[in-house]
Each structure stands twice: as C-alpha cells, then as structure tokens.
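Chemist: Sequence:
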Amino acid sequence: MTPTPKAGALDVGFSLQLGTLNVQAAVTSEPGETIAIVGPNGAGKSTVLRSIAGLVGIDAGHIRMDGTPFDEPTTSTWVHPENRPVSVVFQDHRLFPHLSAQDNVAFALRANGLGRKAARAEALTLLEQARLTSAHASRRPSELSGGQAQRVALARAFATGADALLLDEPLAAIDKASQVELRRVIGELTSTVLLVTHNPLDARLLADSIVVMEDGAVAQSGAADDVSNAPSGAWAAQFLGQNLIEGTADGTSVTALNGFEFTTATTDAGPVVVNFAPSAITLSSELPGGSARNAWATSVTRLVAEADRVRVQLGDPVPCWATVTAGSVDRLGLEVGSPVTASLKATELRVAPR
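Those letters in the sequence shown? Residues 7 to 360, by the numbering used here.
One should not assume that every hint holds.
Stated by the list, open to error - Below, a list of computed lysine to any residue pairs in the SDA-like style, where the Cα atoms sit at most 20 Å apart:
hint	residue 1	residue 2
1	K182	N205
2	K123	E194
3	K182	E134
4	K182	N281
5	K351	G321
6	K351	N205
7	K351	V330
8	K351	P323
9	K351	P284
10	K123	L105
11	K351	D336
12	K182	E194
13	K182	G152
14	K182	L105
15	K123	F113
16	K351	T288
Simulated from the structure, these hints should not be mistaken for lab results.
Can you build the whole structure from these sequences, using the hints too?
Modeler: Here you go:
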C-alpha cells in the first residue's frame, strides 16, 4: 500500500499593492518544512501570512498548497479562509474573550468534529504542552498575561491539525523559560510552519529555510545555514550574522559540542546556546593581552567584502564569523588559509537556554 504523502507543500508567488507598499512574495516549502520569514519593520512579512490565510486577496500570481490553488486571479480562483487548511497565530492572539483558555482550545477541536467532553480533555493536554496549568485553563483571556494568552493561541493553533501553521511573532511576548519549551513544541510539529520573527535565535534554531524580505520583496532565500553564513545584504548580515554555538553550561563555563570551552560573564547550567556578534571578535597575529577571556588559534576559511568592512569566516575549533575593517585584513595579511588568533571578551557572550 502506497503511503499517503504528507500535506502542506506551499507554492506562493504573487504581487499585491498595499497602500504605498508593493509586496512581491515568493515562498515555496516542502511538506513539514519550517520557514522563517525575516526582515525589517514594514517589509511585508505579515502580509505574506495574511495572504496565505486568505485575509488579504492578491492582485496577481498564485497561492497554492499541494497543487491546489487558493488564490489565483487569472482563473478567478478564490478559496475562503475557513476552507483553507491553515491556522494563524497573530501577535494580538485573537482569542474569544468570553471563553476560558480551555474552551478557546476546545473550540478548534470541536470544529474538527471532536465531542465536547473529549475536546475539553484534549485541550488540557495541549495547554500543558504550552506550559500552562489547569489553573490557567479556567481563566478568560482578560485574566491572563500577554505571554499566557499567546500560549493559549499557540495551543489553539496546534489543535486545528492544519496542514500549515502561520505564526506571526509567536514567542515575542513569552518569558525566556517558556520560549525554550515552546521552541521544542514548534520543532516537533509535523505541519508546515511559516514563522515571522524578529528574533535571530528563533530563525536559526527553528527554521529549515529562511526568506529575507526588504521593501516588500524577497531579498534572499534558501537553506537556513546558507542564508545565515552568506547573507546578501547589510540588514540580513546584521540580523542573521550572529554566531550561535550550542553547548552545556556549568557556572561561568560553557563547553561546546566539539569540546571547546568558553568563559562567560554569567552563571548558567544545562543545555544552552551561546550567541555573539561577529564584530565582538578581535583578530590578531598572536595571543592578545588585555581583558579577553576567550582566545584560540584558528585559520581563515572565507573572506566576504561588505562596503568598508570584511566578514571573515573562521574554521575550527570555533567555526564562526568575525567582522573587521579592510585595513585590518591588509595589516594581518588575511587570505583563505591564513593562520590567525581570535579573541572574545566574556561579556560579549550571551547565553540562552536550549
């Protein structure tokens, strides 16, 4: 028996005039893929989600899922939002104010045909996955904090069983401890996920692919590692060019997965992600003095010129990017294969739970 193909393959290519902004969107996904859509404010990111959900009609082009057109002006095809197998989580939650958290989630389950008792029981399980307790379940949205309300909205989206989840800044209002758990929940979803985020950590940890939007158009797209390692524009380089190293913290020490040990200025424990900017790394021809607590010998694997700066990709034992002036490249004689010493102050390392 041939297995049923996993649903959720998106094929989006459209133009839409929205006020003074002309949105030119192009997004494709494999079923079950997570795509992060990033870009500065006003770039058109949320408009892409709203168009896929059917809340905004496009002017030209197409929106299809698994080959089925949802919006295609040339053929006068239009599928109403309620008939599209997608679920949306907005920044402002959009919860029913007169229902409890449990009944908000149960509503989605009952809409899919589950009985009232079974739906309310399943709703409690989904709320627990979103790190909410039975005490929260009985409260109405007005009795919850912004972060708690966002978790209810996420649980309701999970409950729909939609082929695609459209998440607009889903973790923005949630405390860091809950973000860790919800990243795990989002990472385990089998649905296709489109994630609009202003958090580079979410883009790097959750996404299989990244789409960068600027001024209404797609400036760059591709596999998450490819876009992060070789951002094509200044905005993307600043946003995605952050170095991320996974490891385990024990006090002020973080041991990376490859065994390299960092010294940090904070005290942490357990699985973490260490984040530091390329501009925080100092390159020199020998071990530096001063206040740098982390220093290592490495070599140059790539050089990328960007205006008056140069992005330098470094190899083992800490594969990462450094940003230096063109003058520093000349002074140190940097080229691919050049030996170099990198150093990094402990205060420049930001540590987050993983």
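Chemist: Now, for every hint given, state plainly whether the structure supports it.
Modeler: Against the structure, the hints come out as follows:
1. K182 - N205: Given pair K182, N205 holds - Cα atoms ~12 Å apart, limit 20 Å.
2. K123 - E194: violated, 26 Å
3. K182 - E134: Given pair K182, E134 holds - Cα atoms ~17 Å apart, limit 20 Å.
4. K182 - N281: Satisfied, since the Cα-Cα distance of roughly 15 Å is no more than 20 Å.
5. K351 - G321: holds, 19 Å
6. K351 - N205: Status violated; Cα separation ~23 Å.
7. K351 - V330: holds, 16 Å
8. K351 - P323: Holds - the C-alpha atoms of P323 and K351 are around 17 Å apart, at most 20 Å.
9. K351 - P284: Status holds; Cα separation ~12 Å.
10. K123 - L105: holds, 16 Å
11. K351 - D336: Violated - the C-alpha atoms of D336 and K351 are around 24 Å apart, more than 20 Å.
12. K182 - E194: holds, 19 Å
13. K182 - G152: Holds, because 14 Å separates the two Cα atoms, which is no more than 20 Å.
14. K182 - L105: violated, 27 Å
15. K123 - F113: holds, 12 Å
16. K351 - T288: holds, 9 Å
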